[in-house]
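K.L.:
Let the sequences and hints guide you as you build the complete structure.
Number of protein chains: 2
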Amino acid sequence: MSGRDDDSGGGPLLPAADRQRLRDFYAYLRQQAALLAGYPVAQDFDYDELKPLLDYSLNNVGDPFSGSTCKIDSREFEREALEFWARQMRAPAGDWWGYVTNGGTEGNLYGLYLARELHPQGIVYYSQHTHYSVAKSLHFLNMRNIMIRSQPNGEMDYADLRETLKVNRDVPPIIFANIGTTMTEARDDLGEINSILDELAVPKRYIHSDAAMCGAIAPFLDRRPRFDFADGADSIAISGHKFIGSPMPCGIVLARRSHVNRIASAIAYIGNLDTTVTGSRNGHTPMFMWYAVKRFGEPGFRERVQRSLALAERAVRSLKAAGIDAWRNPDAITVVFPEVSQALQHRRQLATAYGISHVIVMPHMDEPYIDALVAEIAADLENRR
Amino acid sequence: MSGRDDDSGGGPLLPAADRQRLRDFYAYLRQQAALLAGYPVAQDFDYDELKPLLDYSLNNVGDPFSGSTCKIDSREFEREALEFWARQMRAPAGDWWGYVTNGGTEGNLYGLYLARELHPQGIVYYSQHTHYSVAKSLHFLNMRNIMIRSQPNGEMDYADLRETLKVNRDVPPIIFANIGTTMTEARDDLGEINSILDELAVPKRYIHSDAAMCGAIAPFLDRRPRFDFADGADSIAISGHKFIGSPMPCGIVLARRSHVNRIASAIAYIGNLDTTVTGSRNGHTPMFMWYAVKRFGEPGFRERVQRSLALAERAVRSLKAAGIDAWRNPDAITVVFPEVSQALQHRRQLATAYGISHVIVMPHMDEPYIDALVAEIAADLENRR
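Chains H and U, in that order, are what the protein sequence lines are.
Residues in the first sequence are numbered consecutively from 2, following this note's numbering.
Residues in the second sequence are numbered consecutively from 2, following this note's numbering.
Don't take every hint at face value.
Pairs count within a copy or across copies, as identical chains cannot be separated in the list.
[To be verified] Pairs of lysine to any residue, SDA-like flavour, derived with a Cα cap of 20 Å:
(1) LYS321 / SER342
(2) LYS167 / ALA379
(3) LYS52 / GLN32
(4) LYS52 / PHE26
(5) LYS52 / ARG24
(6) LYS52 / LEU23
(7) LYS52 / ALA18
Calculated directly from the structure, the hints in this document are not laboratory data.
P.N.:
Now the structure itself:
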């Protein structure tokens, strides 16, 4: 903050050896960032204009919609970013609330927490291919839960959901829907889920959409998936460091305000109703979210989605042409193929599980990048035959 | 990341009006940061050398001591920062574990979680003046808990603790100890607490030290308080954005490794045992923690503590000389005085509760700063008489 004027005196603050380590680290990062192809990390961001903010200790403690005696914050910018995403998620006007989280996991934890408070006896239903952090959160929150089978593409098996719900009709269901699974970017369909719940005449229900992966993609697809508030979600979590782009993990959680109000508790100390998970909150991540919204806007996001989809289709076609059993879910930027060697998994940082590996096409990639990557994968799988 | 080369083309990325808002925001922050005196926010940091890191999306997903296929991380630096603080906390050699959290709340949540897993039937004891986030975490984790009276200085009332433990001897106690309360920087004494537990012949116990406030101060005091692993703590949470200094909330949680191992669960996806709360983890905050350790080292931290203590003593003496009933706990940098006007609370961002306000003396302050602040407080309280 004021540090640079006060005490640095212009001289280096670190011992020479440590400064050298930093330089080496930068070189390493440059190299690894260029190779990274298996995690959903958009790299077309540019937050140079926000770097001066690192001179300040920003803390958006508590609720973004309340004031606080602690004024070194970015709540005003945070609210604007939230408003943009609430609109994209078709949140009910005047009945939504949210905040910028430390990532998808916190957003999911928050959604599950809300669900538990509303339905203390509820059972959580989530599919087999759900991110591992969800089981951890359920254990944390001490919630009853049942795992539902996944279809081969990674989507929830609705027949299994129906059968399972049928024998638990006495207990409110809490559906944890994946809007983009980790390995195959499969999306559970809130339309299907709600039909089943209606058919079984379930009066009380809660649906949380884990849109960590697809929350910033799905609103911009020509064939819009059924995943948002208008489709029946009670809360939605989106990641900020995936498709939106952020130097550090962050995310956005949105929920119906009427739900949130029921769990709010008055806090004297910070002079506001604190309904967030963490209390002290990062004030920099909301700035990244704000900047992305102002820079891209709806047209920009739509263009990035279209570009990534086209490249994903190119990757699938090229891999198939090379005789590889590659595929992707409809409108997905995740390209799936048989497990590659450990060497290539490491070199290209390709997440691998259930006998498959994947590439996730991100907006900073282009045709030459994809073509080179496809060639590497094809050569690797050729060697393994 | 590669964004600047790829698509900015040198032109501005934001609309002119938004760029102006950023400039206004910087001016506002400069002003507010200089006025802020009531929250423990060290402002003598200077992370200019780390700003280039904002070009990269760092993610220390999972355990800092394991590898991962995701290689854009700062785990190596994180481990070094952890080692420094483990040494300061006198962690048992070879039997400690930890990670850089998103703040004190996450560290406390983690400690309580560990305690719950080890003692599912345990009762949590915590004093009246405990931070409000703890009640929230206990509710989250669904843990039985009993609030203990505080002494007038904010420290736990040990007599009340003894009486309360006496009637619950059938259930393992989980002691949540404050090492620096929010309002008066009171420290619960692990020596006293352990004597009581020994006296009552309690065989199973867990002690978590919430050292969010004093964790980075207490090890450097001449009269070292009893709060750390050698004093019987099972886990300790420290804040990074308070005395250490960080542009964003972060912290360090440390725990006995034997405890952590008992709750670890194998995760296929990221190829590591994930025992953290969040999964995806900020890779920038560990860099701030590393930088502070390398820049200050033990002598630097000791010097910052001594300087702040001397200034706190100066503030108490000056306020008293002005006829104000000011005081501080032994070796505390928090200066307590009667509640000031709302106008001054807002202007100087002075947290106020229980009829008292406080100033927290931080290493970026100096004698002229303290003298000017004391004059403002004295004038304000004079007007209120």
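K.L.:
Take the hints in turn and mark each one as holding or not.
P.N.:
Against the structure, the hints:
For a Cα distance limit of 20 Å, the shortest separation of LYS321 from SER342 inside one copy, 18 Å, qualifies, whereas the shortest one across copies, 72 Å, does not. Taking identical chains as interchangeable, the C-alpha atoms of LYS167 and ALA379 are never at most 20 Å apart, the minima being 46 Å within one chain and 70 Å between chains. Taking the shortest Cα distances, LYS52 and GLN32 sit within 20 Å of each other only across copies (18 Å), while inside one copy they are farther apart (22 Å). Taking CA atoms no more than 20 Å apart as the test, LYS52 paired with PHE26 passes in both settings, with 19 Å inside one copy and 13 Å between copies.
With identical chains, the CA atoms of LYS52 and ARG24 are at most 20 Å apart both within one copy (18 Å) and between copies (12 Å). Both within a single protomer and between protomers do LYS52 and LEU23 lie at most 20 Å apart by alpha-carbon distance, with minima of 18 Å and 11 Å respectively. Taking identical chains as interchangeable, the C-alpha atoms of LYS52 and ALA18 lie at most 20 Å apart only when they sit on different chains, with a minimum of 19 Å there against 25 Å within one chain.
Hint 2 alone, counting from the list given before, is not met by this structure.
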